[in-house]
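Please build the complete structure, drawing on both the sequences and the hints.
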Amino acid sequence: MANPMRIRAAVKDGFTEVRVLMSHVMETGQRKDSSGALVPAHFITELTAKHNDKVVLLAQFGPSVSTNPYLSFKFQGGAKGDKIVVSWVDNKGDSRSDEALIA
Amino acid sequence: MDHKRRDTLKAGGGLGIFGLLVAAGLIKPELAEAAWNKSAFEAKNLESALAALGAGKPGDSAEVQLNTPDIAENGAVVPVGVVSKLPNTEQIAILIEKNPNLLAAKFEIPAGTAAEVQTRVKMGQTSDIYAVVKADGKFYVTKKEVKVTLGGCGG
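Each protein sequence line maps, in turn, to chains L and Z. Per the numbering used here: the first sequence = residues 518 to 620. Per the numbering used here: the second sequence = residues 45 to 199.
Calculated from the structure, these hints are not laboratory results. Please read all numbers here as calculations on a predicted model, not as lab measurements. Take every hint as true, because none was put in to throw you off.
Below are the EDC-like pairs computed for lysine to aspartate or glutamate, each with C-alpha atoms no more than 20 Å apart in a straight line:
1) Z:88 x L:544
2) Z:82 x L:611
3) Z:182 x Z:104
4) Z:129 x L:534
5) Z:188 x Z:107
6) Z:142 x Z:91
7) Z:182 x Z:91
8) L:567 x Z:152
9) Z:142 x L:544
Negatives, chain Z to chain L, calculated, CB over 10 Å:
10) 88
11) 89
12) 90
13) 91
14) 92
15) 104
16) 105
17) 109
18) 112
19) 114
20) 115
21) 172
22) 186
23) 193
24) 194
Some chain Z residues close to chain L (C-beta under 8 Å, calculated; not the full set):
25) 120
26) 145
27) 147
28) 148
29) 151
30) 165
Even glycine gets a Cβ: it sits at the ideal position worked out from N, Cα and C.
This is how it looks when you write it as C-alpha cells:
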C-alpha cells in the first residue's frame, strides 16, 4: 500500500481549489536499473476526485506524469468542512483513497 | 489508528472490486467512461494520439492557454498548467511530442469544475507540449515548446 496522499482544499471566490500530492514511483518502463534490466512500468492510471458524493474531476495518467504526481484543480461551490475524496488506481491494480476537509 | 487503517483498506478494496466490475463491462456509470484509454496512452506519434483521443485534426485556439516554463532545468519535473476559456470544456489532454508515449494525462471536466488544471510531467528532451481541449464536442489545440537542459528519463 502506497503512502497517503496530501490533499489540501480551500474555498476562494466561490471556487474550491484542490491540491493533491500523491506518493507514487511513476516508473515509465523505459528506465534501466544498474544491471541493465528494464524496470517494469508502474504508474497511476486513473484518478477520481469527489466533493461529498459528486465527481468533480476524473483523470487518466500515462507514465509521463512525474514521480509523486501533483495535481491541482478548481470547482464551483464547496463549503468549509465539506469532504473531498481522492482515489487512484495504478497499472498493477494497487489503489489508494484519501480524504480531506475543505479548510 | 488501527481503525483508520482498516477503513482505508476497506475503501481500497471496494475500489478494486468496482474496477473489476467496470473492466468486466457489468456496470457503466460515469466512472466507466474513464476506463483507461490504452490506445491513446500507447500512441507513439501525434497523429495516432489525436486519433485515439477522437480529436482528429483539432483547430488552433487562443482560448486555450498552456502555462509551462520556457526552459525546464529538470526534465523529471516540468510544471504544466492548462486553462481553457472555451465554454463547455469537457476534456483536457496534455501531450508531449518527443516523449516515447505522447499522452501524459487526460482530464474529464464535469459541469461545475473549472477548465483549469495543473500537474507536473516528465520530459526526455526539448519538445513541444500540446494541450488538446474538447469543448462543446469540438477539439482545440495549443502548443508551446519547452527546452529541457537535463532529461527526465536518464535516471
